[in-house]
Structures are given as structure tokens and as C-alpha cells.
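The task is simple: from the sequences and hints, build the whole structure.
If you use my numbering, the sequence shown corresponds to residues 1 to 257, in order.
Hints are computed from structural coordinates only; laboratory data are not their basis. All C-beta atoms in this analysis are idealised placements derived from N, C-alpha and C, irrespective of residue type, glycine included. Every clue listed holds true.
Label pairs and their calculated CB-CB ranges:
hint, residue 1, residue 2, range
1, 201, 39, 40 to 46 Å
2, 183, 6, 45 to 51 Å
3, 179, 154, 27 to 33 Å
4, 137, 25, 35 to 41 Å
5, 12, 143, 45 to 51 Å
6, 183, 67, 43 to 49 Å
7, 12, 65, 18 to 24 Å
8, 75, 140, 51 to 57 Å
9, 72, 210, 40 to 46 Å
10, 74, 12, 26 to 32 Å
11, 156, 12, 40 to 46 Å
12, 74, 162, 52 to 58 Å
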Amino acid sequence: MAENKKSFVLYCDLMHTVEKLPNEIAGELFKHILRYVNDQNPTTQNVMVDVCFEHIKQQLKRDLIKYEKRAENSRANGKLGGRPTKPKKPNGLKNNPDEPKKPDSVNVSVNDSVNVSVNDSVNDSVNDNVKKEKKVFTKGVHDCFKQILKSFPDHLHPKKGKPTNNWLDTIDKLERIDNIPLQTIVEITKKTRADDFWSKNFMSITKLRKTNGDGIPYIVVFNEKFKSNGQNNQNGINGNHNQESISEKVHRIMGRE
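Written out as C-alpha cells, the structure is:
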């Protein structure tokens, strides 16, 4: 927090997230926030607290930037002598005539006629005919896609064209944006599809980047549920090298930056 700043803002819509947390975790989250704004650089082992706090932290940073800009503007105005004085209100015009001057009489006759014919036509549909370039995915993404298909029965395989591209795009973003290894995506998909409940509720790979009612991406939910013996897989999404990226991903989905 900025020097000599004694307060901060929590927004009302945070209630939608906190209401879904158990009271114990909600209390831990509030203490975590207070430690952060008091520059104690808190850390937590609780995934739910870390996920929810990331969104709050980014909002606090944005508010701090606004605060510092206002403070800088105030300092600059102070160097110029403070707020400028308001101009005095006018108290009337000098040398007003006792009686207004009558307008001059003008007679104008216009007999010219103008005929304008416009025959230009504009075709606005040119840009609509421009085809978008087809997105190209890496060989690794295509190989991951082929492995993932083995976890789904034939009738759930995406059709060619847009459905297949949606699956490929999801895999590409999980690796390229969310920094999740392709093999980890395959393993999480395989374990989730093998579960009796989720085999009936996880029927498309695009679900991995969607969020549940708590705003947590399903790939995080599945990873937490199916990781072996409570230990993080070496290539798992909760490993040290990916912890930061998962928090940022959840923030981007919950932030509405």
C-alpha cells in the first residue's frame, strides 16, 4: 500500500464469491487481504484462498495506481499555487444603449434553381466477402488431440470443421496461455473420463477452460480431484512452475481484467 494510505476499497460484488466459501475459508481470506494491504506479503497453502485472493489483489493494484495518479496531480497543482480562483461573475456590460438599435431592412430575391442528381452507389459488402485466415495449430497440439480422442467414445468425437477446431483451440490455449503441459492435459482427461460420475458430465474437451459455480476452471477442479495420493504430479498444473499461471488464469476468468 502507498505510504500514509490508511484505507482501501472492497467492492460489493465480491459478495458473490465469498458467499460460496465456507466460513472458515472466508475468514482466512479476509485476514489474507488485511495482511496484504499492510505490506506483510502473505502466502497461503489453501488453493481456494489463493484463487479468490488473486482477483482481489489485481483490483487493489488498479486502485492503488489511480490513487497515486490523483496524489501526483495534487502535488503538481500545489506547486502551481493550488486550485485556481474562480472568475468573477459579470456585472453587466459597459455603455449599454438606452434603446436597442433597429435592424437594417434587407430585401433579397432568389430565383436560382439547383438540380442535383446523385447516382453513385456504394457496395458495403466487400469486407464481408473477405475470408478469415484459417488458424494453424502445432504438431504437438494435433498429437495431444489424437491421444485425447482415445478417452472419448466415437459418438462423442467432434465433427470436422468448427467442432474439431474448437477442441484444438482449447488444447492450444491450455498450453500456450495457461502454461499447462500437453501430457498433463491428456492425463487429466483420461482420469476424469474414467470416473463414473464425470464420464457422464465431461463429454467435450472444451469444458476444461470453462468454470464451475465458484468460478474455478474445470481443469483445476479435475486436477485437484484426481491427483494421486494428494501429491502433485511432476508435470501437474499445481507444480511450482505453473502455480502462478493458474492463479492468473482464474483471475482472468473471474475478473470481469
